[in-house]
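Model the full assembly from the supplied sequences, consistent with the hints where possible.
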Amino acid sequence: MEAPQMKQKSFWQRPEGITGLLFLVAILGAVGFLAAALPWGTILANTLYMAGVIAVLGVLVYMVLDPKMRNLIFYMYKSVMRSITGMFVQIDPIGILKTYVEELHNNLRKMNKQISQLRAQMHKLKELIVNNEREIKSNLQLAGKAKETDKRNVMILKSRRAGRLKDSNIRLETLYKKMEVLYRVLTKMYENSQILAEDIDDQVKVKEQERKAIHASHGAMKSAMSVINGDPDQRAMFDMAMENITEDVASKVGEMERFMEMSANFMDSVDLQNGVFEEEGMQMLEQWEKESTSLLLGEEKSQLLLQAENDSDVLDLDAPVPERARQTGSKNQYDSFFE
Numbered sequence: 001m002e003a004p005q006m007k008q009k010s011f012w013q014r015p016e017g018i019t020g021l022l023f024l025v026a027i028l029g030a031v032g033f034l035a036a037a038l039p040w041g042t043i044l045a046n047t048l049y050m051a052g053v054i055a056v057l058g059v060l061v062y063m064v065l066d067p068k069m070r071n072l073i074f075y076m077y078k079s080v081m082r083s084i085t086g087m088f089v090q091i092d093p094i095g096i097l098k099t100y101v102e103e104l105h106n107n108l109r110k111m112n113k114q115i116s117q118l119r120a121q122m123h124k125l126k127e128l129i130v131n132n133e134r135e136i137k138s139n140l141q142l143a144g145k146a147k148e149t150d151k152r153n154v155m156i157l158k159s160r161r162a163g164r165l166k167d168s169n170i171r172l173e174t175l176y177k178k179m180e181v182l183y184r185v186l187t188k189m190y191e192n193s194q195i196l197a198e199d200i201d202d203q204v205k206v207k208e209q210e211r212k213a214i215h216a217s218h219g220a221m222k223s224a225m226s227v228i229n230g231d232p233d234q235r236a237m238f239d240m241a242m243e244n245i246t247e248d249v250a251s252k253v254g255e256m257e258r259f260m261e262m263s264a265n266f267m268d269s270v271d272l273q274n275g276v277f278e279e280e281g282m283q284m285l286e287q288w289e290k291e292s293t294s295l296l297l298g299e300e301k302s303q304l305l306l307q308a309e310n311d312s313d314v315l316d317l318d319a320p321v322p323e324r325a326r327q328t329g330s331k332n333q334y335d336s337f338f339e
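According to the UniProt record's numbering, the sequence shown holds residues 1 to 339 in order.
The hints are simulated quantities; they were obtained by calculation from the structure and are not laboratory data.
By construction, the Cβ of each residue, glycine as well, lies at the ideal position given by its N, Cα and C atoms.
Among the hints, a few may not be true.
[What the hints assert, rightly or not] Each pair of labels, with its calculated beta carbon distance range:
#1 A250 to T42: 34 to 44 Å
#2 D167 to S302: 29 to 39 Å
#3 L22 to G95: 18 to 28 Å
Here is the structure:
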């Protein structure tokens, strides 16, 4: 799988950029206050003082106009702001990935439990539909006998009872179809999320050591010289790839949690005892079906929806919840981020 074309965040869009912006405002405010407070008449009247002011202005103009010096100053500023921000906020991509791994494993346990609850509901719903069909058949037989014996009231009563059960079963079968979609998607998300968790685990183990080696061999001074010479900063490129991974994982974990929340709301809206369900829960699921893409499912989403609509593709509710792992030798989905 090719690495997705992710829009790289600028320095100012990151947490350290916000810190940098606050410091920049403070620095400009301090400079403005100092400039207003200085006795310019005395300074300009003194040749030595005036020469100092001109020298400072010359340095500032040089820093602004010279690309290498400007890049160096900005690199140093970003490094300082990153160090300050790191004291209060987790901005290390390895540390963030470790947090996502824990969150992902917790979500997998919750999803497994949710799948079991949904399966139990579907068994009850299927049993209710079968019982209704049995009762429909019984009422129609009784209505037929009542018609033969000219018992019109009994015939009308049993026929209406069969009609109401038929209408109920139409709604219940629609509900079962939606539950089947939910079940297929949850189990597939569970499978894919297990592989995702394994891939992230691998990346953390491998890249943590690799990052230490890169940072050791490309120290702050060497990175600064690379910036001055216009060469790619290996440290920055590596950290950029790691940040892209954290962005991708964050989106997938977010999608997983949103779908679990929607599933829980849908299941809570179903009252099997009375054979009713809220339309809002059904509409939420239908809206998700219409959405074009799924980061966790990819092209499998459309296949799952087609399977649920195919009456010949019978869902086996008694099959165990799949436990999957990436096949030995298969490529980690995040290796391409470093190519």
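Evaluated hints:
1. A250 to T42: 34 to 44 Å: About 57 Å separates the Cβ atoms of A250 and T42, which means 34 to 44 Å is violated.
2. D167 to S302: 29 to 39 Å: holds, 31 Å
3. L22 to G95: 18 to 28 Å: Holds, at about 23 Å.
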